[in-house]
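Read off the chains here:
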Amino acid sequence: MPNEGRQIVIPGQILGDMPAFKPGRGTFVENKKIYAERLGVMNIQDNFINVIPLKGRYEPIVGDVVIGVVEEASTSNWMVDINAPYPALLHVHEVPWEIEFADTEKYLNTGDAILAKVLSVDESKKLQITLNDRNLFKLKGGHIIEFEPSIYRRIMGKQYSMIEIIQKYTRCRIKVGKNGRIWLDGDAEGIAKVLQAISKIESEAATFGLTDRIEELLKKDAKDVR
Amino acid sequence: MKSDIKLITSEGKRLDGRGPEDIRKIKIEAGVLHRADGSCYLEWGGNKVLVAVYGPREAVPRHTQNPLRAIVQARYNMAAFSVEDRKRPGPDRRSVEISKVISEALEKVILTEQFPRATVNVNIEVLDAEAGTRCAGLTAAGVALIDAGIPMRDIPVAIAAGKINGQVVLDLGKEEDNFGDADLPVAISPRTGEILLLQMDGHLTVDEFNQAFDLAVKGCHAVSEIQKKAVIHKYQTIAAEVQE
Chain A
1 MPNEGRQIVI
11 PGQILGDMPA
21 FKPGRGTFVE
31 NKKIYAERLG
41 VMNIQDNFIN
51 VIPLKGRYEP
61 IVGDVVIGVV
71 EEASTSNWMV
81 DINAPYPALL
91 HVHEVPWEIE
101 FADTEKYLNT
111 GDAILAKVLS
121 VDESKKLQIT
131 LNDRNLFKLK
141 GGHIIEFEPS
151 IYRRIMGKQY
161 SMIEIIQKYT
171 RCRIKVGKNG
181 RIWLDGDAEG
191 IAKVLQAISK
201 IESEAATFGL
211 TDRIEELLKK
221 DAKDVR
Chain B
1 MKSDIKLITS
11 EGKRLDGRGP
21 EDIRKIKIEA
31 GVLHRADGSC
41 YLEWGGNKVL
51 VAVYGPREAV
61 PRHTQNPLRA
71 IVQARYNMAA
81 FSVEDRKRPG
91 PDRRSVEISK
101 VISEALEKVI
111 LTEQFPRATV
121 NVNIEVLDAE
131 AGTRCAGLTA
141 AGVALIDAGI
151 PMRDIPVAIA
161 AGKINGQVVL
171 DLGKEEDNFG
181 DADLPVAISP
191 RTGEILLLQM
201 DGHLTVDEFN
211 QAFDLAVKGC
221 HAVSEIQKKA
231 VIHKYQTIAA
241 EVQE
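Going down the list, the protein sequences come from chains A and B.
Residue numbers for the first sequence follow this note's numbering, so the first one is 1 and each next one is one higher.
Residue numbers for the second sequence follow this note's numbering, so the first one is 1 and each next one is one higher.
No lab work stands behind these hints: they were computed from the structure.
Misleading hints may appear alongside valid ones.
Covered stretches of chain B, as calculated for chain A (at least 3 residues, CB under 8 Å) [stated by the list, open to error]:
hint, segment
1, 44-53
2, 98-108
3, 114-125
4, 143-151
Taking CB as the label site, the calculated pair distances span [said to hold, decoys possible]:
hint, chain 1, residue 1, chain 2, residue 2, range
5, B, R86, A, F101, 56 to 66 Å
6, A, D46, B, D16, 33 to 43 Å
7, B, R86, A, M18, 50 to 60 Å
8, A, M18, B, E104, 27 to 37 Å
All of these numbers come straight from a predicted model, not from anything done at the bench.
Just so you know, even glycine gets a beta-carbon here, dropped at the ideal spot from N, CA and C.
Take the sequences, apply the hints, and build the full model.
Here's what the structure looks like:
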């Protein structure tokens, strides 16, 4: 049983005909036939054929919670790297602090990490992000690790089951951004365990029963569980 | 010099024992580099090619950006040790030309309109050369682009046909390329049959050209199957490893 029903598709592979199915994400249409546009796993939902990517850059969508690293502070805005093909703009109006003109560096400077939300994506892919929400803030201390953005759902698990298990066994503070970044804070042992779990999820993303295997892995050497 | 070397016997057997329509042995491995977004290592006869793909990412300097679509920047480079006499390192007339034609071939298959202002960088390093490196490079680039998760209409594939001792053959080897009569590299999009790259060195009559071209297209489809297998193999082994 190679994939237990998960079919791996490659670009240009024919997935279905137009009237019977509708083209979803990761597909394109030519002569009323639906083709895969990228490497991924085929998924059919309500007659929509989707290709869930296995690899690839993060594509920003409005409303996504992302972890950004400040690249540059200007007089009235910051440029933030959110792991997308383009840098994102964070305007002083989009932060919860009162900032006087040219005082931006006091609040956020190059290298600082933030948990932000994608505010807008325009036609030419110019990005804006915001910190104006109650669960968005500057991330102080901690570590940032990167993962393949396409496996975000696997890292979170069904109804956050996966991430809750990791948090439970490692006693780390974890924030996961949709852009393929994880921020974590805790003791060295816990962080090592999170890294181990994430790399296992990453290498086995296309398989079933992953949550149970991760729990097994973490349970093995867990001493005190909250 | 040309006529006194026998490259093909009257029975149609070539120097390395192949028939006129046989392709050299091809080995493709996807995802070999960790720092690159996508990568591919390919061995095609005596050719060894390594391709790394980066992007899509914002194009710099700014004036190279296209506000409507991504640009594709392929860079073909031969290692100094890739040929018998040391090749002087750095871009030369030949590698600049090959970089340009490969960039244009890849631009046609990548869905560039999804990434305005961005660039896709494709680095093709020829480690060992034995004729047909541009075809090997383009074929490997196709696999590396899939590995990088870049949206594409199709997987580009290339192979050369040519003429040796007056006979049209597929996939020229080193001696056949050096002492043959003509070399015709062809890249196609195998799903639609569109031509992505077509160059010719030497002389062919119209009939010979058509014959060589048809042979190359046939060869492209054969190589395309090897390409697809390599990609699917790579990602299915990940799934299989877990089931053990």
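Against the structure, the hints:
1. Coverage of the segment 44-53 of chain B by chain A is violated in this model, with 0 residues showing a Cβ closer than 8 Å to a Cβ of that chain against a need of three.
2. With 0 residues having a Cβ less than 8 Å from any Cβ of chain A, the segment 98-108 of chain B misses the three-residue criterion, and the hint is violated.
3. Interface restraint, the segment 114-125 of chain B with chain A: holds (4 residues with C-beta to C-beta distance below 8 Å; minimum three).
4. Given a C-beta distance limit of less than 8 Å, the hint that chain A covers the segment 143-151 of chain B holds, as 6 residues qualify and 3 suffice.
5. Distance hint for R86/B and F101/A: a CB-CB separation of about 60 Å, consistent with the stated range 56 to 66 Å.
6. Range check, D46/A to D16/B: about 55 Å between beta-carbon atoms, so the 33 to 43 Å window is missed.
7. In this structure the supplied range 50 to 60 Å holds for R86/B paired with M18/A, their Cβ-Cβ distance being about 56 Å.
8. For the hinted restraint 27 to 37 Å between M18/A and E104/B, the CB-CB distance of approximately 31 Å keeps it satisfied.
Figure legend: structure checked against the earlier numbered hints; hints not met, in rising order: 1, 2, 6.
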